[in-house]
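> In order, the protein sequences belong to chains H and Z.
Residue numbers for the first sequence follow UniProt numbering, so the first one is 1 and each next one is one higher.
Residue numbers for the second sequence follow UniProt numbering, so the first one is 1 and each next one is one higher.
Source of the hints: derived by calculation from the structure; they are not laboratory data.
Yeah, the Cβ is synthetic: ideal placement off N, Cα and C, and Gly gets one too.
The reader is advised that the hints may include incorrect statements.
[Said to hold, decoys possible] Where chain Z lies over chain H, by a calculated footprint (3+ residues, C-beta under 8 Å):
| id | stretch |
| --- | --- |
| 1 | 212-220 |
| 2 | 235-246 |
| 3 | 407-413 |
[Claimed, not checked] Cβ pair distances, simulated, as ranges:
| id | chain 1 | residue 1 | chain 2 | residue 2 | range |
| --- | --- | --- | --- | --- | --- |
| 4 | H | 441 | Z | 237 | 30 to 40 Å |
| 5 | H | 103 | Z | 44 | 29 to 39 Å |
| 6 | H | 193 | Z | 56 | 53 to 63 Å |
| 7 | H | 106 | Z | 168 | 48 to 58 Å |
| 8 | Z | 63 | H | 114 | 51 to 61 Å |
[Stated by the list, open to error] Facing chain Z, a subset of chain H residues (Cβ under 8 Å, in silico):
| id | residue |
| --- | --- |
| 9 | 64 |
| 10 | 87 |
| 11 | 90 |
| 12 | 401 |
| 13 | 404 |
Next come the chains, spelled out residue by residue.
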Amino acid sequence: MRSIRTRLMKAAAAALMVGLALTACSGSSETDPPEGEAGAALPDDQQNLTFVPNYGWAGSDISKAPLEIGMNIALKQTLEPLVTLDNEAQPQPHLAESWEWTTPTTLEIKIREGVTFSDGTPLVSGDVKGTLERYLAQKQALHAVLSIITGIEAPDDSTVILTTSAPTGTLVGVLSLVLIGKGEFSHAEATAEDDEYWARPIGTGPFVITDYVPNDLFKFERNDSYWGEKAKLKTLTMKQITDANGKLTALSNNQAQAVQNVSYDQFETVEAIPDVTLEQFESLSYYFVWFMNDRAPLDNPDVRRAMWMALDLPTIVESLYGESREVMDSFCPAAAFGCVPAENMPTYDPEGAKKLLADAGYPDGFTVDIIFSLANATDNALAQALISGWKDIGVTVEPRGLDAASWLAAFTGMDWYMDFQPNQTPTGDADYTLNRLYSCAAARLGYCNPELDALMTQAQQESDPEVRLDLYQQVVNIMAEDTPAIPLFSTKVNVAYRDNVQGLTVPPTEFINFSTVYLTE
Amino acid sequence: MLGFVARRLLLAVFVLWGAVTVVFVVVRLVPADPALLMAGETATPEQLAALRAEMGLDQPLIAQYLQYVGNTLTGDFGRSYTQFVPAMDLIAQVLPNTALLALLACLLAVGVSFPLGLLAALRVNRFSDRAVTTLSLTTQSLPGFWIGIVLMLVFSRQLGWLPSAGLDSPQSLILPTITLALPFIAILTRMVRSGLIEVMGEGYITTARSKGLSERTVIFPHAIRNALIPVVTLVGLEFGTLLGGAVITETVFSFPGIGRLLVFSIGVRDYATVQACVVVIAVAFVLVNLFVDLLYGFLDPRVRNSR
Chain H
1 MRSIRTRLMK AAAAALMVGL ALTACSGSSE TDPPEGEAGA ALPDDQQNLT FVPNYGWAGS
61 DISKAPLEIG MNIALKQTLE PLVTLDNEAQ PQPHLAESWE WTTPTTLEIK IREGVTFSDG
121 TPLVSGDVKG TLERYLAQKQ ALHAVLSIIT GIEAPDDSTV ILTTSAPTGT LVGVLSLVLI
181 GKGEFSHAEA TAEDDEYWAR PIGTGPFVIT DYVPNDLFKF ERNDSYWGEK AKLKTLTMKQ
241 ITDANGKLTA LSNNQAQAVQ NVSYDQFETV EAIPDVTLEQ FESLSYYFVW FMNDRAPLDN
301 PDVRRAMWMA LDLPTIVESL YGESREVMDS FCPAAAFGCV PAENMPTYDP EGAKKLLADA
361 GYPDGFTVDI IFSLANATDN ALAQALISGW KDIGVTVEPR GLDAASWLAA FTGMDWYMDF
421 QPNQTPTGDA DYTLNRLYSC AAARLGYCNP ELDALMTQAQ QESDPEVRLD LYQQVVNIMA
481 EDTPAIPLFS TKVNVAYRDN VQGLTVPPTE FINFSTVYLT E
Chain Z
1 MLGFVARRLL LAVFVLWGAV TVVFVVVRLV PADPALLMAG ETATPEQLAA LRAEMGLDQP
61 LIAQYLQYVG NTLTGDFGRS YTQFVPAMDL IAQVLPNTAL LALLACLLAV GVSFPLGLLA
121 ALRVNRFSDR AVTTLSLTTQ SLPGFWIGIV LMLVFSRQLG WLPSAGLDSP QSLILPTITL
181 ALPFIAILTR MVRSGLIEVM GEGYITTARS KGLSERTVIF PHAIRNALIP VVTLVGLEFG
241 TLLGGAVITE TVFSFPGIGR LLVFSIGVRD YATVQACVVV IAVAFVLVNL FVDLLYGFLD
301 PRVRNSR
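Assemble the whole structure, with the sequences as input and the hints as a guide.
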């Protein structure tokens, strides 16, 4: 996984050099797309791109669903965060020019000067304060990680001071998921005007929203008064096409110029479409198997380890998903900061697994169940592959494929021995996944290790990246020993796009920045 | 006539009440907790309890039912938990699209099937009749989703003539309209044919002919008007069905209509939207049927005079 990170760094450096070279060679104005090797850029009135995302939208108010990837992809074209995450999942300045922990629990943020909303009003610290207060008041999925904020002050127009209940090195990264809206429409006690604004926000981003139809489309136009480098596209449409055949047809007849996440079994079809490129990118999504760690026989770490050793994960992944997924060597996706490889991860060893079971008092195996949601079409095949592996060591696992609602009820009711499901690390930091899921306080899978808790808390509070990496190394090593779960594979995200689409790249967060994308002849 | 209208209105109200009640019961029989779905897996028990109270799920069933009926009467089905807006707002955005699609499909079906049915009926047992009948049977036998996919592959992917998804332009309506209309054309053509053949054997047609009226005059005012009565019923029923959401067609073509909204809402257990969709579909169906009944009564005096 370190090699992936190295490759990513090299790729980023190469992209930067190419970008600089293009910029240096270009004598065009800010909004003119550069003339790349693929041909001259289309005239501005033809810079219209339709993108078919993989994710739906839970409305258009990002403050109510700040972790929804689909909403972030759409709304981040219009609303911007204080910081963005680079390919190493490290925060970089955006609307915030700089930040500093003035005390272990006081974060001072300087707002970038000269930033305006698309209606011309300047961005001030009150907008950041109001937005954070709205996010906190919504009590949505991000609330758990934002709730350490105990005070928000805006002493002047360019300064925001956050006070936290404890030192929190992860806070700045989390702020990459808070998209800043107008303070006058952002209050802890939301008004009807607030909700109306957030449903169709005016932001500081490179595009403005011109239309939104639930479950159907977002339409954007370039924000010609954008404070940074202006978008090259004149219009951008994000269109929901759920039918797989319809998606590829739209791409082939140029109704859409880019589609996200073509399923693996359609790769050949896509590659056969003329003038279309299929590209895969690393993401923050992955799959895991969870054990109910306090339920016999899975309360024995050796039994859990044996279950892991029964799975030939490289073969399962290769046969079911080809190169679209990658076997993991940590407990969260490698693209996230802190998800370092565990040094003692179990590997495929069915004979060793049988011996572990026998030593644990289960020479003839046992019977347990595994729940999973039928929402993902290929998960049934995955369940069968896993069950087959466990059967080889004498363990009978009964599959309980459930519809999404029934799965959620069974999952939260802890009515299972094992569960497998997709998961994400949207903050790009190991803390979000490891501390949220595997701490004693999480109480989600009957697993509790005070030593692990102490390390994770320390890693959460620490600001020095190197120290944090060392701490997470200890964390994942302990987890590999305890085996509360089996990380199965990380999921790559792919985009199929027409060859005249330039500048399209997908970061691990999947929050595509369309301001750099343009169309050529 | 007034008594006839009153009877039909009363029946319509009863049917609507039945539909609303069935929706209420079925949604509560489904093994899922709407509050849990809305709050997500990370919700605390306190948050869940608060949400259940807010949604009225902590009330006795009868109290929930009465509140639900009361809200339904005012068009308030609650907020969609996936979109955070009133469910009726979502429907209001897509219902006109479905209505337009249903109307176009009906117009196309009527426009094509009438001449075809007439041709078959007037040339019964001849080549043109057999051709029309065979074509109708074949088309009627094909599943709608298959027709949609084939049309999409041919006209969108291979020929690149028409858009394959969405409602971006008037051209976007062509393939969904044809997909919806084709099976309807098949049924309607056969109905027009058989109706006309039956009417042409009636005594009053013989009388008209014996009076020396031309064949054209015999067919058009006399035969057609009587043959139309069952056809009007069929068109009305079909239009009501299409208004209720051409679920498969809308899904295949990613058409922003009520059928697609319903499928999506069922998939994510968005109960407020599912309830609203089903009730709106029921209302549309009942209203169209009511209109057809009244039209039927207008066309055929025997209907309005019957009890």
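> Mind listing which of the numbered hints don't hold for this structure, in increasing order?
4, 6, 10, 11, 12
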